[in-house]
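Undergrad: Chain by chain, the residues run as shown.
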Amino acid sequence: MGLLDDLAKLVQDPAIRRLAERRARCHELAEDALQETFRAVAQTRNPEAIEDLRAFFCKSLIHAINRQLTLSAPIPAGDIAAIADSRQGHSSSGTSPPASVADEAHRRLLAEAALTRLERDRAKLMAMVPARSGDPRRYRRIILAAAGTILRLLFEGQVTMADWNAVLRSEYPQLWDEPGLAHDALYQRVSRARADIQLLLQVVLPRDLIAS
Amino acid sequence: MSAAGGAVPVTYDRTLTLTYDEDVGQVVLEGLPCGPAGEAALSLADGIELFFDCADGRLSKVFIEAGEPALAAVAGLFGARACAAVQRAPSSNGDPLTVVAEPQLVAAMSRLARLDAVRFTSPVADSPLWAVEAAHLARQAGLATRADAEARRDAAAIAHRRRSRSLAMPDVAAADARHASTSNGPPGWLDPHLIPPGTFQHAVWPDDELTIRTEKDGILVEARLVPGADRQMVARCHARLVDPGNRTVIGTAPFVSLGDLRVQAEIRERTPLSSTWVEVVEDVARPVSSSQLHHIRRAMRWAQTALSAVRQVCGLADAEWVRLAADAWGRCADDWSAAGDQDRAYLAAVRRAAICPGAATPEEPSAWAKEVAGRSLLIEEPFLAERLVTRPS
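Protein chains in written order, with the working numbering: chain A, 27 to 238; chain B, 67 to 459.
If you're looking for bench data, these hints aren't it; they were derived computationally from the structure.
Note that the structure is predicted; figures quoted are calculated from it, not measured.
Here a beta-carbon is modelled for each residue, glycine too, at the ideal position from N, C-alpha and C.
Watch out, some of these pointers could steer you wrong.
[To be verified] In silico contact screen, one side only, chain B against chain A (beta carbon under 10 angstroms); selected entries: (1) Arg80; (2) Thr83; (3) Asp87; (4) Asp89; (5) Ala103; (6) Gly104; (7) Gly160; (8) Thr164; (9) Asp182; (10) Leu339; (11) Val350; (12) Pro353; (13) Val354; (14) Leu359; (15) Ile362; (16) Met366.
Please construct the entire structure, taking both the sequences and the accompanying hints into account.
TA: Okay, structure coming up:
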């Protein structure tokens with residue numbers, strides 16, 4: 027006889043049905059738990075490892091009933107060793123202290139909120155970018171895209187001036203590649219583009235996050 | 067709304083009832099039953115699980131199995147006397163047990179368990195901020211391994227979002243408004259028990275998670291995927307039209323992509339009965355649960371919506387969030403009532419009345435419900451990731 031036949035017998039066993047109804051205090055919820063337990067045990071990866079199928083089924087059944095009002099399965103914690111230390115006010119882990127986690131969370135929170143604003147207020151922000159090239163619409167789109175990339179970098183950590191230039195070069199290669207452009211003129215053009223990005227970031231971000 | 071008065075912290079009952087469950091060889095420490103939002107579980111170690119009430123955050127029960135890790139956890143959390151009582155449990159069945167734990171430790175565990183319970187049904191479920199806050203809470207709770215796991219999860223979430231180019235938030239408000247205006251079919255929502263996590267996009271308002279339209283030849287079910295969702299996983303999922311009253315499947319259909327993040331299933335069944343529901347399942351052979359359990363699960367989801375809205379109100383008076391919370395508590399009460407649980411229907415109605423002056427509350431059905439209703443409401447800050455959720459229009 028196979029596992030499914032054995033499980034079907036257990037589900038119909040009057041003693042097990044009484045156990046389910048007594049625990050669930052309701053016929054329908056008992057039936058739900060029996061269904062769920064049948065399904066869960068039938069999907070067990072190594073059923074041959076179960077020594078006493080009836081006992082295993084009963085335990086799984088009670089587990090299912092006990093969790094009918096639970097929103098999600100708990101994520102395994104793995105250890106408890108540090109709880110006693112926490113009771114005594116000791117730091118619990120050798121990793122970074124809570125304050126830096128909070129700072130990190132705060133920084134990310136601001137960066138994400140800024141990204142949301144950047145996308146939501148796209149039209150308004152584009153209108154704020156000066157018309158600096160022969161194709162102002164394209165230029166504004168590029169500046170907005172570069173601002174988004176800088177924000178994503180901010181999301182991941184510190185952003186340097188070199189990062190800003192690298193982003194601009196990637197989003198707007200023509201800025202550098204125009205034949206015959208003098209070094210001073212190029213410098214001025216890049217500076218203005220950076221200023222335009224900074225303007226957008228100042229609108230969506232607190233000033234202290236804009237590292238350069 | 068009393069949020070202006072500041073946060074109201076998590077509390078816990080110092081006296082729990084100790085019982086020994088012979089059928090499973092398990093010790094249970096139990097307080098009052100959980101309220102209308104259900105409970106959230108936290109595993110401390112092998113053989114020990116803590117359950118917290120999702121609405122007021124209190125510790126509602128603890129399951130303890132035999133074994134060194136579980137007993138060490140009991141001793142670490144509640145002290146040596148409680149541990150000794152647990153070891154004597156078969157002979158002290160039914161005795162009250164006084165437990166003493168660090169309030170801040172229990173508060174961190176409670177918030178971590180409740181974070182775990184809501185993160186996967188949040189409209190911003192893929193935000194790395196869930197893992198950031200979970201790691202922070204796990205450290206406060208003394209769960210070093212869990213904290214490290216969350217740090218790895220955080221890194222994975224950022225990498226995933228970079229790959230899927232979805233650092234910006236989904237426009238939840240716009241999606242909700244569109245869904246609300248086009249659904250005309252049987253009720254349906256994304257029950258997290260039935261679908262793989264991180265695949266379908268949840269909404270603030272559960273009714274808005276699926277667009278269900280009754281057409282001449284059948285029922286169209288539309289859902290949204292989270293950016294970067296595993297398409298093979300999606301291919302395994304089906305929309306089902308079910309009749310929970312007699313646990314039957316009326317029709318099923320796989321999802322097909324509509325070219326962007328939207329997917330659609332067409333169930334070729336006409337004129338559904340009034341008692342039918344639409345559900346999305348990963349395992350198409352999964353048996354249909356009872357009407358009662360359908361209502362219970364949705365009631366707990368409505369409560370999550372209400373609690374999330376209430377957290378948004380904390381420290382920031384926003385009439386629209388308050389209205390959303392009041393409506394969600396009303397829907398929660400309706401579902402508990404439909405499930406035949408008048409205690410939790412009453413508790414949801416009490417919650418609604420607390421933020422919606424003048425709203426009627428029924429007579430308290432039982433002593434425990436009256437006691438739970440008389441306790442202070444938990445008022446706390448939103449979870450970090452929740453601060454990015456926009457209110458449905």
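Undergrad: Does each hint hold? Answer for all of them.
TA: Going down the list of hints, with the structure as the test:
no.	hint	in the structure
1	Arg80	16 angstroms, violated
2	Thr83	15 angstroms, violated
3	Asp87	7 angstroms, holds
4	Asp89	6 angstroms, holds
5	Ala103	8 angstroms, holds
6	Gly104	5 angstroms, holds
7	Gly160	17 angstroms, violated
8	Thr164	16 angstroms, violated
9	Asp182	6 angstroms, holds
10	Leu339	18 angstroms, violated
11	Val350	12 angstroms, violated
12	Pro353	4 angstroms, holds
13	Val354	9 angstroms, holds
14	Leu359	5 angstroms, holds
15	Ile362	7 angstroms, holds
16	Met366	6 angstroms, holds
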